[in-house]
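Whenever a hint applies, use it, and build me the whole structure from the sequences.
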Amino acid sequence: MHPILIKLGPITIHTYGFLLAVGVLCAIILMQVLAKKEQVNRDIFTNLVFYTFIIALLGAKLFLFVTEIKFYLTNPAQIKYLITSAGTFYGGLICGALFAAWYIRKHKLNFRQLVDIMSPAVALGHFFGRLGCFFAGCCWGRAAEGCSIAVKFTDTQATTGVPLHQPLYPTQLIESLLNLLNFVVLMILYKKKKFTGQVFAVYIFNYALIRFFVEYFRGDPDRGYLFGDFHQPFTSLSVPQLISLIGIATAIIMYRVFKKKAAEST
Numbered sequence: 001m002h003p004i005l006i007k008l009g010p011i012t013i014h015t016y017g018f019l020l021a022v023g024v025l026c027a028i029i030l031m032q033v034l035a036k037k038e039q040v041n042r043d044i045f046t047n048l049v050f051y052t053f054i055i056a057l058l059g060a061k062l063f064l065f066v067t068e069i070k071f072y073l074t075n076p077a078q079i080k081y082l083i084t085s086a087g088t089f090y091g092g093l094i095c096g097a098l099f100a101a102w103y104i105r106k107h108k109l110n111f112r113q114l115v116d117i118m119s120p121a122v123a124l125g126h127f128f129g130r131l132g133c134f135f136a137g138c139c140w141g142r143a144a145e146g147c148s149i150a151v152k153f154t155d156t157q158a159t160t161g162v163p164l165h166q167p168l169y170p171t172q173l174i175e176s177l178l179n180l181l182n183f184v185v186l187m188i189l190y191k192k193k194k195f196t197g198q199v200f201a202v203y204i205f206n207y208a209l210i211r212f213f214v215e216y217f218r219g220d221p222d223r224g225y226l227f228g229d230f231h232q233p234f235t236s237l238s239v240p241q242l243i244s245l246i247g248i249a250t251a252i253i254m255y256r257v258f259k260k261k262a263a264e265s266t
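1 is the number of the first residue of the sequence shown in our numbering; add one for each residue after it.
In case anyone wonders, no lab produced these hints; they're calculated from the structure. The structure presented is a predicted model; accordingly, all values stated were derived computationally and were not measured. Please note that a few of the clues may not be correct.
Okay, derived cross-link-like pairs now, DSSO-like style, lysine-lysine, Cα gap no bigger than 30 Å in a straight line [unchecked claim]:
| hint | residue 1 | residue 2 |
| --- | --- | --- |
| 1 | Lys-106 | Lys-7 |
| 2 | Lys-7 | Lys-61 |
| 3 | Lys-36 | Lys-193 |
| 4 | Lys-106 | Lys-193 |
| 5 | Lys-261 | Lys-108 |
| 6 | Lys-36 | Lys-152 |
| 7 | Lys-37 | Lys-192 |
| 8 | Lys-37 | Lys-261 |
| 9 | Lys-192 | Lys-261 |
| 10 | Lys-152 | Lys-194 |
| 11 | Lys-108 | Lys-191 |
| 12 | Lys-36 | Lys-194 |
| 13 | Lys-193 | Lys-260 |
| 14 | Lys-37 | Lys-194 |
| 15 | Lys-106 | Lys-260 |
| 16 | Lys-36 | Lys-108 |
| 17 | Lys-106 | Lys-261 |
| 18 | Lys-108 | Lys-259 |
| 19 | Lys-106 | Lys-36 |
| 20 | Lys-261 | Lys-36 |
| 21 | Lys-259 | Lys-36 |
| 22 | Lys-259 | Lys-70 |
Listed below in structure tokens is the structure:
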């Protein structure tokens, strides 16, 4: 863990913010490259990407506030830290996707074509984002005594509440690597896709599986549970896992609908 990348006098660059910026930049570049290949209107697409990222960031913060509302109502002074936090990925993904759908419909663009372009880029950006989580010490794992891949956080500058000097599952690194694998799979599929919309549906399916799996090993306790609690990870269902199940079902439906539309248009 290394929360502060550079500190020069009054200037502090946090590792998380730096890696998040790198992820966003890489995602935007990849989107632009793919959009150019498919001859998408550059100006309209650039505005779509820019505003989608803004809405996604706001949605991520809003989702964090709603899921942790008891904490923020009890500790109102902590609300100001929402400005510097990235929020929750699912909140950003849902809000960003809804806005993108509205924007695409408004400008009469090809929804399936554009989300196919955006999906690999989002997976790539998420890879860097989760690396940032590791360096910041957020989204940490459960206690992992005796686990060969366990990590210990020791930096006292951490402000996330991560347990220090204790072996924990490296959930941030696990999810980061799985997102990188998802990116590779999506890029291969993008080049060989059989119908428009296939890449997007597979992205949603893959990430939902990734998140559902990683949730079992997450150690930050404020997960939100439908039944059971934090101390019963394998017999309870967290809110992110519920969203993951909905995501899996939605992805399967989209895959079939998009495939059917492609067949009808040929």
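Hints, verified against the model:
no., hint, in the structure
1, Lys-106 to Lys-7, "violated, 45 Å"
2, Lys-7 to Lys-61, "holds, 26 Å"
3, Lys-36 to Lys-193, "holds, 18 Å"
4, Lys-106 to Lys-193, "holds, 26 Å"
5, Lys-261 to Lys-108, "holds, 17 Å"
6, Lys-36 to Lys-152, "violated, 44 Å"
7, Lys-37 to Lys-192, "holds, 15 Å"
8, Lys-37 to Lys-261, "holds, 23 Å"
9, Lys-192 to Lys-261, "holds, 18 Å"
10, Lys-152 to Lys-194, "violated, 45 Å"
11, Lys-108 to Lys-191, "holds, 25 Å"
12, Lys-36 to Lys-194, "holds, 20 Å"
13, Lys-193 to Lys-260, "holds, 14 Å"
14, Lys-37 to Lys-194, "holds, 17 Å"
15, Lys-106 to Lys-260, "holds, 24 Å"
16, Lys-36 to Lys-108, "holds, 18 Å"
17, Lys-106 to Lys-261, "holds, 21 Å"
18, Lys-108 to Lys-259, "holds, 21 Å"
19, Lys-106 to Lys-36, "holds, 21 Å"
20, Lys-261 to Lys-36, "holds, 24 Å"
21, Lys-259 to Lys-36, "holds, 24 Å"
22, Lys-259 to Lys-70, "violated, 44 Å"
Checked against the numbered hints above, the structure breaks hints 1, 6, 10 and 22 and satisfies the rest.
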